[in-house]
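Colleague: This is what each chain is made of:
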Amino acid sequence: MTGTRLWGCAAGMGVLVTLIVLPQGLKPYGIALLSRWAVMAIAAVGLNITLGYAGQISLAQAAFLGIGAYTTAILTTNGFPFWSALLLAGGLGFGIGWVLGYPALRVQHHYLAFVTLAFMTMAYLIFRNEAWLTGGVFGINRIPRPSLLGWSTSKPLTYYYLCLTALAVVLAGTWWMIRSPWGRAFVALRENPRRAMSLGVDIRAYTLLAFAFGAALGCVAGVFFAPLVEFVDPSAFTLADSLGLLLMVVVGGSGYFFGPLLGAMVAVLLPEWLRMAQGLYLIYYAVFVMVLMVFCPSGILGLFDKILRSLNRSAPLAVRKEARR
Amino acid sequence: MAGFLQLLVSGLATGATYALVAIGFTLLWQTSQTINFAQGEFVMLPAFMVLAAMRFLDLSLWPALALGAVGSLLLLGVMFKKLLVDPLLRHGVLPLVIATIGLSILAKETVKNYYSGEAQRFPALISGDTIPMGGAVLSVQDLINLAVAVTAVVLLQLFLARTETGRRMQATAQNRTVAAILGINVERMILYTFLLNAALVCLAAYLITPVYLATYSIGEGLGLVAFTAAIVGGFNQVRGAIVGGFIVGIAENLTAVYVSTQYRTAVPLLLLVAIILFRPQGLLGRAEERTT
Numbered sequence: 001m002t003g004t005r006l007w008g009c010a011a012g013m014g015v016l017v018t019l020i021v022l023p024q025g026l027k028p029y030g031i032a033l034l035s036r037w038a039v040m041a042i043a044a045v046g047l048n049i050t051l052g053y054a055g056q057i058s059l060a061q062a063a064f065l066g067i068g069a070y071t072t073a074i075l076t077t078n079g080f081p082f083w084s085a086l087l088l089a090g091g092l093g094f095g096i097g098w099v100l101g102y103p104a105l106r107v108q109h110h111y112l113a114f115v116t117l118a119f120m121t122m123a124y125l126i127f128r129n130e131a132w133l134t135g136g137v138f139g140i141n142r143i144p145r146p147s148l149l150g151w152s153t154s155k156p157l158t159y160y161y162l163c164l165t166a167l168a169v170v171l172a173g174t175w176w177m178i179r180s181p182w183g184r185a186f187v188a189l190r191e192n193p194r195r196a197m198s199l200g201v202d203i204r205a206y207t208l209l210a211f212a213f214g215a216a217l218g219c220v221a222g223v224f225f226a227p228l229v230e231f232v233d234p235s236a237f238t239l240a241d242s243l244g245l246l247l248m249v250v251v252g253g254s255g256y257f258f259g260p261l262l263g264a265m266v267a268v269l270l271p272e273w274l275r276m277a278q279g280l281y282l283i284y285y286a287v288f289v290m291v292l293m294v295f296c297p298s299g300i301l302g303l304f305d306k307i308l309r310s311l312n313r314s315a316p317l318a319v320r321k322e323a324r325r
Numbered sequence: 326m327a328g329f330l331q332l333l334v335s336g337l338a339t340g341a342t343y344a345l346v347a348i349g350f351t352l353l354w355q356t357s358q359t360i361n362f363a364q365g366e367f368v369m370l371p372a373f374m375v376l377a378a379m380r381f382l383d384l385s386l387w388p389a390l391a392l393g394a395v396g397s398l399l400l401l402g403v404m405f406k407k408l409l410v411d412p413l414l415r416h417g418v419l420p421l422v423i424a425t426i427g428l429s430i431l432a433k434e435t436v437k438n439y440y441s442g443e444a445q446r447f448p449a450l451i452s453g454d455t456i457p458m459g460g461a462v463l464s465v466q467d468l469i470n471l472a473v474a475v476t477a478v479v480l481l482q483l484f485l486a487r488t489e490t491g492r493r494m495q496a497t498a499q500n501r502t503v504a505a506i507l508g509i510n511v512e513r514m515i516l517y518t519f520l521l522n523a524a525l526v527c528l529a530a531y532l533i534t535p536v537y538l539a540t541y542s543i544g545e546g547l548g549l550v551a552f553t554a555a556i557v558g559g560f561n562q563v564r565g566a567i568v569g570g571f572i573v574g575i576a577e578n579l580t581a582v583y584v585s586t587q588y589r590t591a592v593p594l595l596l597l598v599a600i601i602l603f604r605p606q607g608l609l610g611r612a613e614e615r616t617t
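Just so you know, the protein sequences line up as chains C and U, in that order. Just so you know, we're using our numbering here: the first sequence kicks off at 1 and counts up by one. Just so you know, we're using our numbering here: the second sequence kicks off at 326 and counts up by one.
Hints are computed from structural coordinates only; laboratory data are not their basis. None of the values given here were measured: they were computed from a predicted structure. Please note: incorrect hints may appear among the correct ones.
To be verified - Label-pair restraints from in silico Cβ distances: (1) C:Val99 <-> U:Ala327: 57 to 63 Å; (2) C:Leu311 <-> U:Arg380: 26 to 32 Å; (3) C:Gln278 <-> U:Arg446: 47 to 53 Å.
Unchecked claim - Some chain C residues well away from chain U (every beta-carbon gap over 12 Å; in silico): (4) Leu26; (5) Ser84; (6) Thr121; (7) Gln278.
Unchecked claim - Computed footprint of chain C on chain U; a stretch qualifies when at least three of its residues, placed anywhere within it, have a C-beta under 8 Å from a C-beta of chain C: (8) 526-540; (9) 597-606.
All C-beta atoms, glycine included, are put in the ideal place defined by N, C-alpha and C.
Chain C with its partners taken away, still in its complex shape (with noise of 0.2 Å):
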């Protein structure tokens, strides 16, 4: 275990080296395609606490991210500062999610998919009707890039760099949140609510956190998406844009820590770096799926997992015992 411990440390370390130096590189537009990664696996870190460690399934991830970007979007284009935007934001996703949590309550599967579907297509409803809030379908323009203690981040490279440090917060946050009692209790939640209930576990005050964490991971990713693009209509906050997300937490690995950050890889970068069309990629991304869902449902890192242990199966008796404590 210590050397696949070590391992797992050194691939952290490359892999973190690699997303501080790789973008001095890069064109802008390489940038910012890498801080949509950083946002979009915030969001999906939010995800995988509700439906990977939780097991409550949400569509409405999307529509999270879309509340905070608008709350963004109207608190800084009126000169309120970046920070009481993410404030706001963030406990409006918290108390928003809790309240959606509620029918997980009452209902589970697939009608909790549905109400959550439901809240999904109202929240765009009203992203694209209430234009005296909105803006409508023209949206928001002219989103301002924070500065924080007089550092400005109007700069792609700069404004990455936020990001980026945002995930580090989301993911120490997470991190510590899943090996926390919360977070043993999200994990028995899903694997016996019964049992976990027979236990003592509150199972119903759990379900809302769940959902109320992954709703808030949501917002707070909404305001570091709005002004990452300077501009926010409610095309980017569909029923589709969640089931991406919802795909990017499943390919990833749901219920894995870094399952959501190679999901989100997936579905933003790997497009670019293979230079194909949207449409296309799609299509090849669609059969992947469906073709992974089949033979490991558990994604791409079980995937790994499954392997790992196969290749440890085959190592000598002394070995296996070692890897096993």
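Assemble chain U onto chain C, guided by the hints.
Modeller: Leaving out everything else, chain U in the frame of chain C:
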């Protein structure tokens, strides 16, 4: 009043086609726990198969329709079951949901990239006349759509309730294990259900696309409506899906005129949330077991 009648009839006509899609949806759920997120795209595909047959094979309308029907039975019935649902069933509900989301993206993008992203005119099966009645103007298309859809639903109900195969299918839906013990070929009955769904979506496609035009994205709204209708009526019932379809169709049409066109799609959803919260088994459904 005349306006209301007009709205009611067109609402019933749309509702009837919604019901077709919703029935297929619930049948799949009952027999194989498949929540088909691609159900809307299943309605879109037959229309484009017909259009493609007419454009590339130079067929006239009726042979193209026949080819489209055969194509959808094979593709949306047999292949969907054998290639996607069968291998995924053992993994549980969520992977199958994800896979059907993938399938819907695949269907949409394929049509958009290889056929057209623009709305396509679909040849009308019936002349677009209107009949004046008591001050209202009713479109023949609406009336015939309503008649065809209702006939299909009645025939389906008779098939499920009166024929031996239909009853076997119901038994399979209610309790697979007991059905197998009673000597029913469960796998075959499930295949029949998939074929039935393919036939229903194909019929719905032929009724809807002449009115709404064929676009690659027509399925997005339809799939949602089918799910809504299924939940409103009660998931474990065919009858529920019919009632649900009509309610959603009428509610949509009335809202568009009397409340707001912008929030037209919101009404069925609000209906859905209310139903889920206050009567999760649906209007006609019962908590557990299933009836026709």
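Colleague: Going back to the hint list, which numbers does this structure go against?
Modeller: Of the numbered hints given earlier, those the structure breaks are 1, 2, 3, 6, 7 and 8, listed in rising order.
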